[in-house]
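**Q** Chain residues, written in single-letter form:
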Amino acid sequence: MPKIKGFNGEDRYNFLLALVGYLGHRDEVALTEVADHFNLEAEYVVKALKSLNDATAQVAGFEQWPFYVDVDLLEDGIVSLTTAEVIDDVPRLSTRQAAAISAGLSYLAGIPEFAANADVNFLIEKIAAGSSRGLAEVISIAPGSVEAGADLLRLAILQGKAVSCEYINRKGEKSVREIEPLRIDLTAGVWYLRGYCPINHGVRNFLIEHMRAIQILDRDLSTEATQVGEIEDATYVADVTDTAVTVEVTPEAYRLITEFQTVSEPKDIGSGTIRTEIMVGHLPNIGRLIAKYGGAARVIAPAEARDFVRKYALAALGEAESSDSREIE
Amino acid sequence: MAKEEPWKPAKTDKSERLFQLTCVLLYSERGLTKRELFHSVDSYRTDLQTSNEDDFALNKKFERDKSDLRDMGIQVSNPDPKSDPDDMRYTIAADTFTWPEDIEFNAQQLQLLNLAAQVWAQASLSSDANRGLVRLRGLGIEPAATDLIGFAPRLRTHEPSFLPLSQAIEERIEVSFDYRKPNGETAKRHIQPWLLRNIDGQWLLVSWDKDQKAVRNFLLKRVVSKVVFRTEFVNEKESEIIHFAAPDQAIVADAIRDLEEHSARQVATLRVKKDSQAWFHFHLEDQAGDTADVSMSYMDIHLLAEELSEYAMDIKVLGPSELDKVIRARFEAVANAHA
Chain A
1 MPKIKGFNGE DRYNFLLALV GYLGHRDEVA LTEVADHFNL EAEYVVKALK
51 SLNDATAQVA GFEQWPFYVD VDLLEDGIVS LTTAEVIDDV PRLSTRQAAA
101 ISAGLSYLAG IPEFAANADV NFLIEKIAAG SSRGLAEVIS IAPGSVEAGA
151 DLLRLAILQG KAVSCEYINR KGEKSVREIE PLRIDLTAGV WYLRGYCPIN
201 HGVRNFLIEH MRAIQILDRD LSTEATQVGE IEDATYVADV TDTAVTVEVT
251 PEAYRLITEF QTVSEPKDIG SGTIRTEIMV GHLPNIGRLI AKYGGAARVI
301 APAEARDFVR KYALAALGEA ESSDSREIE
Chain B
1001 MAKEEPWKPA KTDKSERLFQ LTCVLLYSER GLTKRELFHS VDSYRTDLQT
1051 SNEDDFALNK KFERDKSDLR DMGIQVSNPD PKSDPDDMRY TIAADTFTWP
1101 EDIEFNAQQL QLLNLAAQVW AQASLSSDAN RGLVRLRGLG IEPAATDLIG
1151 FAPRLRTHEP SFLPLSQAIE ERIEVSFDYR KPNGETAKRH IQPWLLRNID
1201 GQWLLVSWDK DQKAVRNFLL KRVVSKVVFR TEFVNEKESE IIHFAAPDQA
1251 IVADAIRDLE EHSARQVATL RVKKDSQAWF HFHLEDQAGD TADVSMSYMD
1301 IHLLAEELSE YAMDIKVLGP SELDKVIRAR FEAVANAHA
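Protein sequence lines correspond, in order, to chains A and B.
The opening position of the first sequence corresponds to residue 1 in this note's numbering, with each subsequent residue numbered one higher.
The opening position of the second sequence corresponds to residue 1001 in this note's numbering, with each subsequent residue numbered one higher.
Hint data in this document are derived by calculation from the structure and do not stem from the laboratory.
Small disclaimer: the values here were computed from a predicted structure and weren't measured.
Possibly wrong hints are sitting among the right ones.
Here are the in silico distance ranges between beta carbons for each label pair [to be verified]:
| id | chain 1 | residue 1 | chain 2 | residue 2 | range |
| --- | --- | --- | --- | --- | --- |
| 1 | A | Leu283 | B | Glu1322 | 29 to 35 Å |
| 2 | B | Ala1107 | A | Gly189 | 53 to 59 Å |
| 3 | A | Gly189 | B | Arg1030 | 30 to 36 Å |
| 4 | A | Gly189 | B | Lys1082 | 50 to 56 Å |
| 5 | A | Tyr44 | B | Ala1107 | 19 to 25 Å |
| 6 | A | Asp88 | B | Thr1046 | 25 to 31 Å |
| 7 | B | Ala1246 | A | Gln64 | 47 to 53 Å |
| 8 | A | His201 | B | Phe1244 | 55 to 61 Å |
| 9 | B | Val1228 | A | Gly281 | 37 to 43 Å |
Glycine residues also receive a C-beta, built at the ideal position from the N, C-alpha and C atoms.
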C-alpha cells in the first residue's frame, strides 16, 4: 500500500498523473471516496488537487491553466475536475513498474496457493500489454515448494479460529502449543506463521516446518489477538531484554543484516565488509545464526557471544560439548 | 475559498516541476527546444534569474528530470535526433497515455495485483510496484473485500548488485564485477547480463560470460564489488557505454533448463536423527526407527552446506563426501574467526 510517509517527489508526481486520469473518467465524486480509492488521507488528496489548480504552462508566451477542480464543490467535499486540457488518461506503466508487478505475480504463480489461479497468468499478460515499451523479462522466479500444513493454517486464519499443534523450538524442545494464527509469511523459501501466543501474551514467529499435527480448534481468536495491528515484516523483532551484538559481514552474509532489525547504521568498513549491531533475544542462539554463514559473518562483541559461536562450531565439528549437543552417535 | 494566495513555484517541490514539464510538453505539438522549456517551466525560469541557459547546474537538473520522466514511462523523445543539441525539440510520445482497449481488471484481479506489489520487501522495487499500482487504481477499479488476508509472500534482495544488474539487463549494458568463488578466489568477470532468477530465495544472474565465451550463472551474494557499466572509447577523448544485442529468448530458456537439469543430477543423502529439528525440516514424521535417510537434489554444494549447517547436530552426511568436507570447512572457518 502506498504510505504518505514514504511518498517522495516521484511518487507525488505519479499520483498527480493518476489522479487526473481517475477524475477524468468521473463527473463528481466524494473526496472521501477518492481518498479511500487511493488509500491516502483526504488532506493529502486536497493538497494534490490544489497543485492541479495551481499548475500553469507557458505556451507560446501565453499562460495556460490546464486543469480546473471546482473549488466551491471541494469545500463541500465533492471533487469535480471540470477542465483537463492535456491529460485525459492515466499514463501507461513504466517498464520498471510493469517488471516489478509482473515479477511479483510470477512469484505468486509459483506458490501452490495460487498455482491454479487463472487470474495470475492473465494479469502477467495484461501488465506486459499495459507497459509503455512492452515487457522484456528481467526477473524470473523459480516455482517454490509446498509447505505441509500451510493450507490448514490459512483456513484457520480465514475462519478466525485458534489452532493447536506440536512444535519443536530452536533448542530442540518439543511441546504442544495453542496459537492464534494471524498471518503466513513466505520469505526465501521458508514459511512462517505469525501468531498470537496466549502464554507469552504477544505475537510470535513460528516456523511452519517445525509444526506437526496441526488442528483447527473450535475457539475464536481472543480479543488480544484481534487487536494486534499491522505486523512488522522483520522476522526478528527486538525486545527490551535483547542483547546488542556487534557483527561484521562480507557480501556472502548480507542476508544476516537484512533479516534482523539493526540498531546501528550499517557501516562499510572497506572491501565490502559491513559492521553493524543486531539485537539477539536468546544469546545462545547466536551460535547457530552466525555459524550458518561459514565465516562470512563474524561476531566482534560481546566476548560472551563470540564464545557461543566458537563453541557451537566446535560442537558441530565434534570437538567440544555444546550446551545443546545432540549429535548422532 | 476564503483567501486566495498567489501561487509561487515551490523550488523544492520536484513533483510540481515534473508535472509542469509534462504539461508543457503535452501542449506543444511540434515539440519544444531545451531553451524554450527553460523559459516555460517555473522552476527553470527561476533558476535563469541568477544564471543563464548554459548554466551547468540548470542543464544537469533538466537532464535528470528528463531521465526521471523516462524512468516513469513518460516517453520524452526528440523527433529529429540528428539536429544540433540546442535545436532538438522534445515531445512526449502520443501513446504514453493510451492504454490497450481490453485493459480491464475486476476487483479480484486488482487484489492480486496489490498482493503482487507488496511482494517486494526492498524499497526501490517496492516503490516501482506501488507507483504502478497507483496508476492501475487510477483506471478506476474498486478493490473487492479481501479474501487474500493472512498471507504475506515476500521477495527480498539483500544484494547491492541487484538494482544495477536489473538496469543493465533492461538496457542491455555490458557489466563487470568481482566475483568470489567459495574457495576464496576472486576474479573480475566481464558479462552480458540476461536475467535475474530467484531460486528458493537465492538470486542468480543468468548471463553470457565474455571471457569464457559461454553461458554462466552467478550467485548475486558472491558479487563482491560494485557492478560497473562497461564503456569503450569511441575516439581519443570520449567513451560510450557498451550495449549488447538482445539474447535469443530460446537460449535464455535453455540456460535455465540446463541449470535445472544440473540441479536434478546432483543428489545428497543424509541420515537424520529422529524427532530432531532436521526430522521436522524434512517431514519425516511417519518414519520408523531412530534415524531415517533422506535424499535431495541441489544446485550448489556450498549453498546446500549453508542450509544444512543449521541442522549440523542432527544429521550425518552419507554422500557425497565432498559435502561433508565443505560443511566441516565452513565450521572450521567459523571457529577460527571466533578464536
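**Q** Now tell me, hint by hint, if it's right for this structure.
**A** To see whether the hints hold, each was checked on the structure:
Checked against the hint of 29 to 35 Å, the C-beta distance between Leu283(A) and Glu1322(B) comes to roughly 34 Å, which is consistent with it. For Ala1107(B) and Gly189(A), the hinted distance range of 53 to 59 Å is not satisfied, since their beta carbons lie about 31 Å from each other. One distance hint, 30 to 36 Å for the beta-carbon pair Gly189(A) and Arg1030(B), is violated here, with the actual separation near 55 Å. The hinted range of 50 to 56 Å is satisfied by Gly189(A) and Lys1082(B), whose Cβ atoms lie roughly 52 Å apart.
Here the CB-CB span from Tyr44(A) to Ala1107(B) is close to 24 Å, well matched to the stated 19 to 25 Å. The beta-carbon spacing between Asp88(A) and Thr1046(B), approximately 30 Å, falls within the hinted interval of 25 to 31 Å. At about 41 Å, the CB distance of Ala1246(B) to Gln64(A) disagrees with the hint of 47 to 53 Å. Evaluation of the 55 to 61 Å hint for His201(A) and Phe1244(B) yields a pass: the beta carbon distance comes to about 58 Å.
Range check, Val1228(B) to Gly281(A): about 40 Å between beta-carbon atoms, so the 37 to 43 Å window is met.
In summary, the numbered hints that this structure violates are 2, 3 and 7.
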